[in-house]
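Undergrad: The task is simple: from the sequences and hints, build the whole structure.
Each chain is listed here by its residues.
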Amino acid sequence: MRNTVFLALLLPLLGHAADGETIMQRGGNNPAAMPCISCHGTDGKGMAAAGYPRLAGLPEAYIVKQLADFKAGRRQNPLMQPIAQALDNDEAASVAKAYAELPKVNIQAGPVERPQPGSGAWIALRGAWERNIPECTLCHGPAGVGVGSAFPPLAGQSALYIENQLNAWRGTPAIPAGRKSKAVAAVPPSRHNDPNGLMQHIAVDLSAAEIKAVAEYFAGLGESKEAFDESQHRLR
Amino acid sequence: MKKTAFHLLLLTFAVGHAQGADSLRNPRFDDQTQLPKAPAKTPSQRYFQPPADTEIPNNAFGDQVRRGMDIFMNTKALAPEYVGNEMNCVNCHIDRGRKANSAPLWAAYPMYPAYRKKNNKVNTYVERMQGCFQFSMNGKPPPADSEILAALTTYAYWLSTGAPTGKALPGRGFDEPPPPSGGYDIARGKAVYDKQCVICHGENGEGRKVGVTTVFPALWGKDSYNWGAGMHRINTAAGFIQHNMPLGRGETLSDREAWDVAAYINSHERPQDPRLVNGSIDETRKRYHADDGVNLYGVEINGKKLGQGI
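Protein sequences appear in the order of chains U and F. If you're matching positions, the first sequence starts at 1 in the numbering used here and goes up one per residue. If you're matching positions, the second sequence starts at 1 in the numbering used here and goes up one per residue.
Keep in mind that the hints were calculated from the coordinates and are not lab data. Fair warning: this is a prediction, and the values are worked out from it, not measured in the lab. A couple of the hints might just be wrong.
To be verified - Simulated pairs of lysine-lysine, DSS-like, Cα-Cα distance not exceeding 27 Å:
id : chain 1 : residue 1 : chain 2 : residue 2
1  : F       : 121       : F       : 222
2  : F       : 209       : F       : 99
3  : F       : 195       : U       : 65
4  : U       : 65        : F       : 190
5  : U       : 225       : F       : 209
6  : U       : 97        : F       : 209
7  : F       : 195       : U       : 71
8  : U       : 212       : F       : 99
9  : U       : 104       : F       : 209
10 : F       : 195       : F       : 99
11 : F       : 209       : U       : 65
Claimed, not checked - Cβ-Cβ distance ranges computed for the label pairs, FRET-style:
id : chain 1 : residue 1 : chain 2 : residue 2 : range
12 : F       : 274       : U       : 195       : 34 to 44 Å
13 : U       : 223       : F       : 80        : 26 to 36 Å
14 : U       : 118       : F       : 282       : 49 to 59 Å
15 : F       : 309       : U       : 112       : 27 to 37 Å
16 : F       : 183       : U       : 196       : 19 to 29 Å
17 : U       : 197       : F       : 183       : 24 to 34 Å
18 : F       : 44        : U       : 197       : 41 to 51 Å
19 : U       : 178       : F       : 62        : 43 to 53 Å
20 : F       : 62        : U       : 177       : 46 to 56 Å
We treat Cβ as the ideally placed atom computed from N, Cα and C, and that holds for glycine.
TA: Printed below as a string of structure tokens:
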């Protein structure tokens with residue numbers, strides 16, 4: 001009896017989340033829409049070593065936009081584009097909602113951080129204004145926890161994923177042939193989906209070493225088990 | 001003896017008079033019209049370069065520089081009793097007060113003390129900062145001898161290391177673009193806002209927060225600068241916007257777009273000018289806004305007189 005009541009209470013919730021959850025676990029109706037968990041992990045936290053991103057706790061509208069951008073080719077990726085194309089709009093919406101409902105990355109607000117010039121932390125917290133590069137946290141929020149649905153969290157993502165994205169916005173210039181080496185063709189940028197072109201010039205103007213360092217900085221923030229009290233200020 | 005008494009009386013009268021005039025006039029701390037115009041930078045010229053962080057000494061002075069920098073970036077969190085809205089110094093002084101044409105501290109600090117006609121006295125740098133707290137932060141000025149202003153002064157002094165004293169430097173203030181021919185247009189400004197600004201500052205200019213921490217400042221409404229702040233002038237906001245917005249993509253908007261969007265932003269209600277005269281918008285306009293650059297305080301827009309406060 002008690003169990004029945006419990007189930008009855010739970011049913012509407014299950015019905016609500018089932019669609020997105022099913023897609024995560026088993027994929028979409030179209031078999032080309034593979035289960036998300038095979039790359040993004042059973043907990044939605046991604047696979048750091050492979051550079052598959054965390055989706056857990058990302059803003060719903062952000063995920064919807066990324067899936068649409070993969071579909072339209074504004075964000076190019078050989079793995080994700082066929083999957084995004086195989087998901088219909090309803091499926092994309094419900095899987096985005098399901099991921100948004102998983103726990104967000106949790107970062108403790110530390111004391112004021114004093115980064116060393118030339119470090120990844122410096123780019124993250126101070127930027128490189130002589131090249132018009134704002135500190136990442138200015139838009140992505142203190143500790144890179146993300147702001148609204150346009151500025152996704154950088155905390156909680158792996159170094160490889162962040163580095164790959166910066167390189168995707170940047171592309172790589174051609175390397176002319178040397179005496180013993182062959183010419184390497186330029187790789188054009190594969191991401192063109194930054195709102196108002198806010199990211200591309202930043203990626204272009206960062207050096208490869210800076211990209212690596214700043215990606216490692218955010219990956220190194222880890223995740224705290226202790227909940228953060230949102231009534232407290234996060235200091236810059 | 002008689003003569004001394006007379007002189008004393010005269011002095012008392014003079015001092016009393018000056019004080020009376022001051023409190024009556026509510027000194028206008030934000031007025032910069034008495035400072036010489038910052039010269040334009042020649043193409044080959046470099047802006048003044050403030051010292052690098054690595055040059056902050058590891059001693060009591062260095063500690064105070066760092067404390068000032070922390071308050072500068074986290075004003076609401078570290079000086080909450082003096083900040084009435086959700087602004088931080090660094091919102092208008094990009095790159096921690098280092099960036100040219102974003103009112104850099106290295107160009108401001110060496111220009112004070114400066115005489116200002118409007119309050120008929122010599123204003124110190126500390127008084128200038130008190131103006132920021134009163135108007136831009138819609139709060140109350142920290143006492144002149146407070147730890148907060150001592151730290152902020154130390155930070156500004158350090159940033160000005162090597163800058164000439166009393167010499168207007170290129171990059172000071174916001175280097176305002178000339179007004180567009182045919183005037184600014186608020187409706188055109190809304191189109192610029194919707195396209196370029198909404199993503200960070202929100203549809204209603206409300207800005208965006210993470211928890212209680214402001215990430216993108218409010219551009220109008222209760223969390224923004226008040227009607228007495230320099231930024232309420234369309235010409236001033238146009239300068240800031242043209243050089244610094246969108247963040248990291250400064251100098252991509254045209255002068256006209258900067259003026260239009262500045263007019264749109266400053267055609268919205270914001271906290272009252274704390275110098276409000278006799279509760280009257282018209283009297284306040286006459287005394288403080290009529291000859292203060294281009295502004296919409298007390299002007300009727302869409303059938304509503306601006307300057308009601310919020």
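Undergrad: Look at each hint and say if it fits the structure.
TA: Here is what the structure says about each hint:
1. F:121 to F:222: Judged against 27 Å, a Cα distance of about 32 Å means the pair is violated.
2. F:209 to F:99: The given pair, whose Cα atoms are some 24 Å apart, holds under the 27 Å limit.
3. F:195 to U:65: With Cα atoms ~17 Å apart, residue 195 of chain F and residue 65 of chain U stay inside 27 Å; holds.
4. U:65 to F:190: holds, 25 Å
5. U:225 to F:209: Since the Cα atoms of residue 225 of chain U and residue 209 of chain F sit roughly 23 Å apart, the hinted pair holds (cutoff 27 Å).
6. U:97 to F:209: holds, 22 Å
7. F:195 to U:71: holds, 24 Å
8. U:212 to F:99: Roughly 26 Å between the alpha carbons, so the hint for residue 212 of chain U and residue 99 of chain F holds.
9. U:104 to F:209: holds, 16 Å
10. F:195 to F:99: At roughly 25 Å apart (the allowed maximum being 27 Å), residue 99 of chain F and residue 195 of chain F satisfy the hint.
11. F:209 to U:65: Distance of about 22 Å is within 27 Å: holds.
12. F:274 to U:195: 34 to 44 Å: holds, 37 Å
13. U:223 to F:80: 26 to 36 Å: holds, 29 Å
14. U:118 to F:282: 49 to 59 Å: holds, 56 Å
15. F:309 to U:112: 27 to 37 Å: holds, 34 Å
16. F:183 to U:196: 19 to 29 Å: Between residue 183 of chain F and residue 196 of chain U, where Cβ atoms are some 27 Å apart, the hint holds.
17. U:197 to F:183: 24 to 34 Å: Distance hint for residue 197 of chain U, residue 183 of chain F holds at roughly 29 Å.
18. F:44 to U:197: 41 to 51 Å: violated, 30 Å
19. U:178 to F:62: 43 to 53 Å: holds, 48 Å
20. F:62 to U:177: 46 to 56 Å: The hinted range 46 to 56 Å holds for residue 62 of chain F and residue 177 of chain U, with Cβ atoms some 51 Å apart.
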